[in-house]
Structures are given as structure tokens and as C-alpha cells.
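Trainee: These are the residues of each chain, in order.
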Amino acid sequence: MREEIFRMENVTSKSFGVTFLENINLNIFKGEILGLIPINRQGKSSLIQLMCQNLPIDYGRIYFNNDLVNFYEHSSYSINRVYVIEQKSKLIQDLTVSDNIFVLKRGFKKYIINNKVLNMQVDRFLKEMEVQIDPDELIMNLNPFEQCIVELLKAIISGANLIILNDISNILSIVDLSKIHELLKFYSKKGKTFLYVGNHHEDVFKICNRVALMKDGSIIKVLDEAELTGDSIKPYTIDFEDAKPSAKKYDGQGILRFENVFTNYMNNMSFSVEKGECVVLLDTNNTIYSDLLQLMNGEQRPKYGSIIWNEKIFTKKAAKDALENGIAVIMEDATQNMLFDNLSYVENLYFLVDKKLKSYNHKSKVLKSIIGEYENIVGEEIHAYDITKLGLTSLYNLVYYRIHLYNPKIVFCVQPFSGADMYLRKHIADLIRDLKRKGIAVIILAVNISDTLSIADRFLVIEHGFIVKDFLKEEFASIQSMV
Amino acid sequence: MSIGSCIHKKEGMKMIKKKSQYISYRIAVIFEAIILLNFVMLLLYTFIAIREQKYGIGLIACYISLAFILYAGYKWVYKPYIETNKTYSLFAEGLILQGIFELRCPLSPQINKATMRFKEMLDTKELISISKKQAEYLALQNQINPHFLYNTLEGIRSEAICAGMDGVAQMTETLAKFFRYTISNVDNLVTLEDELSNIENYYSIQQYRFGDRLRVSIEYGEEDEKDVLMFRLPKLTLQPIVENSIYHGIERKIGIGNLRIKIQTTLTRLIITISDDGLGMNEQQLKVLNKKLRQISLDGVAPEPNKKGGIAIMNVNNRIKLLFGEEYGIYIYSTPNVGTDVTITLPKIKGLEIL
Numbered sequence: 385m386r387e388e389i390f391r392m393e394n395v396t397s398k399s400f401g402v403t404f405l406e407n408i409n410l411n412i413f414k415g416e417i418l419g420l421i422p423i424n425r426q427g428k429s430s431l432i433q434l435m436c437q438n439l440p441i442d443y444g445r446i447y448f449n450n451d452l453v454n455f456y457e458h459s460s461y462s463i464n465r466v467y468v469i470e471q472k473s474k475l476i477q478d479l480t481v482s483d484n485i486f487v488l489k490r491g492f493k494k495y496i497i498n499n500k501v502l503n504m505q506v507d508r509f510l511k512e513m514e515v516q517i518d519p520d521e522l523i524m525n526l527n528p529f530e531q532c533i534v535e536l537l538k539a540i541i542s543g544a545n546l547i548i549l550n551d552i553s554n555i556l557s558i559v560d561l562s563k564i565h566e567l568l569k570f571y572s573k574k575g576k577t578f579l580y581v582g583n584h585h586e587d588v589f590k591i592c593n594r595v596a597l598m599k600d601g602s603i604i605k606v607l608d609e610a611e612l613t614g615d616s617i618k619p620y621t622i623d624f625e626d627a628k629p630s631a632k633k634y635d636g637q638g639i640l641r642f643e644n645v646f647t648n649y650m651n652n653m654s655f656s657v658e659k660g661e662c663v664v665l666l667d668t669n670n671t672i673y674s675d676l677l678q679l680m681n682g683e684q685r686p687k688y689g690s691i692i693w694n695e696k697i698f699t700k701k702a703a704k705d706a707l708e709n710g711i712a713v714i715m716e717d718a719t720q721n722m723l724f725d726n727l728s729y730v731e732n733l734y735f736l737v738d739k740k741l742k743s744y745n746h747k748s749k750v751l752k753s754i755i756g757e758y759e760n761i762v763g764e765e766i767h768a769y770d771i772t773k774l775g776l777t778s779l780y781n782l783v784y785y786r787i788h789l790y791n792p793k794i795v796f797c798v799q800p801f802s803g804a805d806m807y808l809r810k811h812i813a814d815l816i817r818d819l820k821r822k823g824i825a826v827i828i829l830a831v832n833i834s835d836t837l838s839i840a841d842r843f844l845v846i847e848h849g850f851i852v853k854d855f856l857k858e859e860f861a862s863i864q865s866m867v
Numbered sequence: 024m025s026i027g028s029c030i031h032k033k034e035g036m037k038m039i040k041k042k043s044q045y046i047s048y049r050i051a052v053i054f055e056a057i058i059l060l061n062f063v064m065l066l067l068y069t070f071i072a073i074r075e076q077k078y079g080i081g082l083i084a085c086y087i088s089l090a091f092i093l094y095a096g097y098k099w100v101y102k103p104y105i106e107t108n109k110t111y112s113l114f115a116e117g118l119i120l121q122g123i124f125e126l127r128c129p130l131s132p133q134i135n136k137a138t139m140r141f142k143e144m145l146d147t148k149e150l151i152s153i154s155k156k157q158a159e160y161l162a163l164q165n166q167i168n169p170h171f172l173y174n175t176l177e178g179i180r181s182e183a184i185c186a187g188m189d190g191v192a193q194m195t196e197t198l199a200k201f202f203r204y205t206i207s208n209v210d211n212l213v214t215l216e217d218e219l220s221n222i223e224n225y226y227s228i229q230q231y232r233f234g235d236r237l238r239v240s241i242e243y244g245e246e247d248e249k250d251v252l253m254f255r256l257p258k259l260t261l262q263p264i265v266e267n268s269i270y271h272g273i274e275r276k277i278g279i280g281n282l283r284i285k286i287q288t289t290l291t292r293l294i295i296t297i298s299d300d301g302l303g304m305n306e307q308q309l310k311v312l313n314k315k316l317r318q319i320s321l322d323g324v325a326p327e328p329n330k331k332g333g334i335a336i337m338n339v340n341n342r343i344k345l346l347f348g349e350e351y352g353i354y355i356y357s358t359p360n361v362g363t364d365v366t367i368t369l370p371k372i373k374g375l376e377i378l
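Respectively, the protein sequence lines represent chains G and H. Take the first sequence: its letter number 378 is residue 762 in the numbering used here, and every next letter is one higher. Take the second sequence: its letter number 86 is residue 109 in the numbering used here, and every next letter is one higher.
Any given hint might turn out to be false.
[To be verified] Examples of chain H residues lying across from chain G (beta carbon under 8 Å, computed):
| id | residue |
| --- | --- |
| 1 | L118 |
| 2 | Q121 |
| 3 | G244 |
| 4 | L290 |
| 5 | T291 |
| 6 | K314 |
| 7 | T358 |
Think of the hints as simulated: they come from the structure by calculation, not from any bench. Glycine included, each C-beta is placed from N, C-alpha and C at the ideal position.
With the hints as extra help, turn the sequences into a complete structure.
Mentor: And the structure:
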């Protein structure tokens, strides 16, 4: 007999005529790590929201610890004892670790706070976790992994019935993620219950006891422990292979070369990238990326070694004009960070290319010509005035085709698949292939393998700032086991 | 004025007339009018108070009272009314049956009494018996007289033994056992052990047809097998689902078909999952079927011959919901060319006691 912590029966939830959850049936047993893979985005946030708070539902019943907490007739708006750990930390950055854990806890009623006692308690838990964090340290001084540990600790200490980890694999390195996985297993054995939400089955299958697949707001399949294999999930996934003819090869036309580069985190890094090539840099410790980007934009210089750009030394001056020199960057969450809501679609496309044009070029003529060129590719959306009304796929089109239009020599993509569902990831992979077809070299900075293998030509594994292995395409099969 | 606008105006009047026949609409109109009047009077009072530079405390008291009445009206009347309305709507859509008899806030004592009387008249036992009859009917599709069938099967078996045809004798015996279990009294709850042994009989019969192409396995979760087998459930809950999986999932599949029955228990529930790796069904069919399974329906008491499978599942689902409540029943997961999982949720019953 297994004890159920959470149960949803035939739950349907609509808002303004849109169905977010449709006839959902889901149960989570005590001490279980249940995986949830949203095949598309619909319903994921509604499901998590309903787990946290008993908001009105259109049909169905929700139980916590076998108590009916929410049903179609009456929803109390009460809050369930559920803690959600997300990419964006909920901790207060200006407070210390122990203050975040204890003082902000619901039901904490002490008027005089004895920091020593609180710190001792935090220390006890941290020892159990085998993690070293100073309880007096401010949250703002902790790295994402440490913040994640503090949140986990907060959830455990607050006695949450269910702890949800929502897509955390993108902020943690492989090493840190495996530590978190070990902790989840440790606490699940102690009776704590987890819902592990992730977009990549390779990541979710590693630690979960069962995995639910969600599509269009419904649970379409629950895979048992024995079914947690690549073959079982294959029918529910889509093929990431390139449907168009593959990109032309530009052998021997090197663009960027790092020669024995040392920085704070880089440790004798040497690699080169050629025209039209896609190289994935997988840093298992997630430390070198800021150094790498700072080197490219001139905020940092190598302590030792040199960077060769177009067969010339990459000087500080060249780095300051990186964009003009053909070096572009697509940031993580690019649709949030790289688009301008007050500009129309075509003006957003035009944003970088205007730097290349001479001042006497008529803007309206250029815009017309951009529309002429890209309307066949992106379709009607090119005429959109208000880009806030566009879907995510269209916004990604805009981000990548802006680079496509600007035509740099190299583009750095920081975690391009972060937070995207399966269909969107396939679309992003196709957009990166379009850049490659144009001869643009692509460097993907990733903290997990995820879908990068489908587009990569080479795969570099970095440990402690040093390239430990350079995989060619034909060796990709052995990457998973090595990493 | 154009003819079009005249028609619109007439239709608008008709709508208001139609709405105004409901007391709820009339109450809402009167309530709104009273509040509006109060508000106007309060404004007037405010105007006088400002001009006279007195009655300040009285004015504040009036505003607080009005705010309190509005808040109480929202919390005490409007919200429960909306909840009750929603329950009636779900009943009208056929999604719930018991819900309207267990309202948190009934409209009035008289309406509540009338609803209870309606419940008595409806008498779910009647529905259960219709459902059971349907089960028997499905089991007896070929309109076979059971006693005649038993006797004939026994005759065939003894003839086969005499002729040294052990295989035929064994097959006949299994068939006789299967029919005896299926056709005999459908009233009682049976143990899971009985249901599973009936499935084994059914599997043995099907094996003569499918040979090695069909594999059936039974898995138990973390629970004690002996304990689990003593739980009770309505007779013929599993066999129609297994039959469905074989005929709709595995029969048309090329290659070996696997059928897995997984049994799990929680504190209060018995969960049986019957999975096949057959043809599965498409998203649209699945959506419609799961939507139907969500509600209690007596559609298809007289089944259409070519819709046998679907009706068997609906029938099992109806019986479970009518016997134990709307929170129990069947849910299906299915993917084309991958397979189908049918999850049956039942209360845990040992002896005559629901745990």
C-alpha cells in the first residue's frame, strides 16, 4: 500500500474560454520523485498553480493527503503546503541564509531572534546534505547551485508536503545538477515527495520513479520505472533531424582560434571554430561562459595566451567593436532580453542591420526590401506592428532572423533551448541550422547536452576551465556515457 | 427606424422577458435597485453633511454599513449562489449525478426537499440494476441459454475425454468455467482473486486462438499479494476491459501483443491498470471517450452490435460510479501504435466494509 500525497481527478480548468487543463488525472505517492515532461507548454503553469493554491476549477477534485481540498463546486483559495523551486530564486537577496529559511517561514512567531540557534539548525541540515554554506552569508553572494540548496532546505524545514522543481536543469551545471539529484534521492528515501518538471527526458529519467507526459493540458501517459527508457518515450517525441538539405561545408576556413588562453576560470583553453560550423561548449562546472563573453566584448583580456580572429590577433580595440567585426551573441531568454516591444516586427529585424548601412540609405526602402526577402520565410507575421501579441515561435523567428539578416561571421548562443518545450526546441534547432546554411559559425554555450547534439558538428567538454575532450560528429554516441 | 433594428429590439425585449421569468433574475434586479437607491441616498446625505458640517460619525457609520452589506452579500449570497448554479449546470451537462443532492448551500428548504424526493424517485438502485442487466446482456450476446450451454459443454468434455482428446476436454472445461462465472449472479461484489482467475480462464480460451501471440502478465505494486487479492470489486469489472484490449488493441496488431494488469493500492483506493501494446486510438477518439467516462450515462442500454467494446467499458464505468460515487471509475491513456492503459479506480473494500 502506498500513501498518496497528492491526487487530481478529472480536473478541468478554463480561463476566458481557453482550456488550460483538460480532464487531468494525476497522483503522487509519498516519498516519490514524480517526473513531469510537458511536451508543449499548455497547462504546465496552471497545473503548478493549482497544486500550490486551491483556485476555482471547472470540474474535478483535488486531494492533498487524502483530504479533498478543492472541487468543482467550491474552491477555498487556501494555500497548500507546496514549495516550488524555479530558475528564478524566491529568496530575498539582502537577507542571510538562516533568515530566509526561518524568519520568513509561515508561522514563525518569535519576537526575539537568536541567530546562533538558527544558524546551528541550518548547519545541522547542511551537514546532513554534505554542503558547505555559511548560514550568515547573504543570498546575493551565493551561486545558483547554493541558492537552489537553500531553497531546498527551506522547503524541507518548512515541512512542505510536496516540493516542485520546475525546470532547474538550465541554471545548474552537470556536476551541480547531479548533486541536487543525489539530495532529492536522499530526501525521497526519508519520505519527502517531489515533482520534478523538466523538458528533457534524459535529465528527468535519471532520478524519477515515474514520469507523466503532458500535452495540450492533459496527461497523455504515465511511464513506470521499467518504462523509463529512450524507446518508451520515442513515440511521444518529435524528430529533431534536419528536413532541409544539410549546410555546405567550409573546411579549413578558420574564423576564431583560442590558443592556450588563461583567465580566472579558463585554464589553458585551446580550440578553433571554422566558417559555418556549429560547436557546442559544454562546461560541466558552468563557470567559463561569462569569461568567454567578456573576452569577446573586450571587458576582459586573457591572462596568458591569445585569441586569433580572422587570422589576426583579437585586440582590445577589435573586441570593443565586436558586433561590427562580425561577432554576435544571442542571450539566454532572448525573446525577453533582445527584442523591443515598442518597435514593429520588421523594425526589430532591421535593428542590427542599420549599423551596417550608410546613412543615406532610405530606411523605408530597406524595410521594404527586408519584407520582400523575409516574408517568404516567416510569413504574414512580418507585417505585425505589436510584437507582444505574437507567439513564442514567432518571437524566436525574429531573434534568429535578425542575426540571419545581419550576417555576422560568428554567433554565440547562450543556452538556446532553455525553458522551451519540445516543439519550440525543434524550431530553434531549425533556426540555428538556417544560420549555419548562411555560413555563420555558431558556438553554443550549454550546461547540459539536451538537444545540442542534433545540430552540433563538434562537441567540446570542459571541466574546470580545461577542454577534456573534443568529440567529432561520428563520436557523438559516446558523449552521454562520458558526461 | 430600419426593419433590422426593429427586429433586434423585439428580440431584446423577448430575451428580457424570458430572463425575467426566473426568480433569480428578479431578485438580482431588485437587489441592484435597492443598492443603487441606498447609494443615491448616501450621496445626498454626504452632500448635506458637508454643507452642514456635521453628522460626520453618522455618515462614516452609513458608509461602513453599506460596505459591510455589500461584502456580506458577495460572500454570503452571491458566491454560494454561483457555486450552486455551477453544480446544477454540471448536472445538466451530465457530468455529475450525486452533486446536486449534496449541495453546500441549497436554494431553499422546499427546493432541497423536492430535490431529495427526486433522488428517492430516481433511486440509483434502479440505475444499477439496468447497468447490471446490461452486463449480463453483454455477457450473453449470443442469447445462449446458460443451462443448455453448461450441459452441452459438459457433454463435449466427456466425449473428448473418452476419445482421448485432452486438449479439447481442457478447453471445454475452461469455457464452461468462464461462462459459469460470467452468467451466474451479477449482484455481488467478488474478490479480486475471483476476477483474476476469471481473467486467467479467459486468457486460456483466447490462447487457443492467439497462441503465443498474446501474453498476459499480472503485477502487484509494493503491496502484499495475498492481502490485495481479498479486496472486493463488482463482478465482471476486469474481463470486459481485457476483452476490449484484445479485440481493439492486440488482435489487429502484427506480432506479439502484451497485456499487463497492474494492481496498486493506496490508503483508500484500489487502482488496477490494464495496459496493452496494441494499436491504441487517436487523440480525438480518446478525448471523446474520456469525456464520456467522466460522467454517468445510461446511453446504449440497448447496445449496437458493432459498438460492443466501447459500451462494455462505459457499462463498467457506470456501475462503479453508481455503486461507489463519482470519484471512482475509469480513465484511459492511449497513443496510436503504442498502446492503451485503462486505469480503474475503486474504493478498497474488504468483506462488507469500505476501508
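Trainee: For every hint, state whether the structure bears it out.
Mentor: Comparing the hints with the structure gives:
no., hint, in the structure
1, L118, "holds, 6 Å"
2, Q121, "violated, 11 Å"
3, G244, "holds, 7 Å"
4, L290, "holds, 6 Å"
5, T291, "holds, 6 Å"
6, K314, "holds, 7 Å"
7, T358, "holds, 6 Å"
Comparing the model with each earlier hint shows a violation of hint 2 alone; every other hint is respected.
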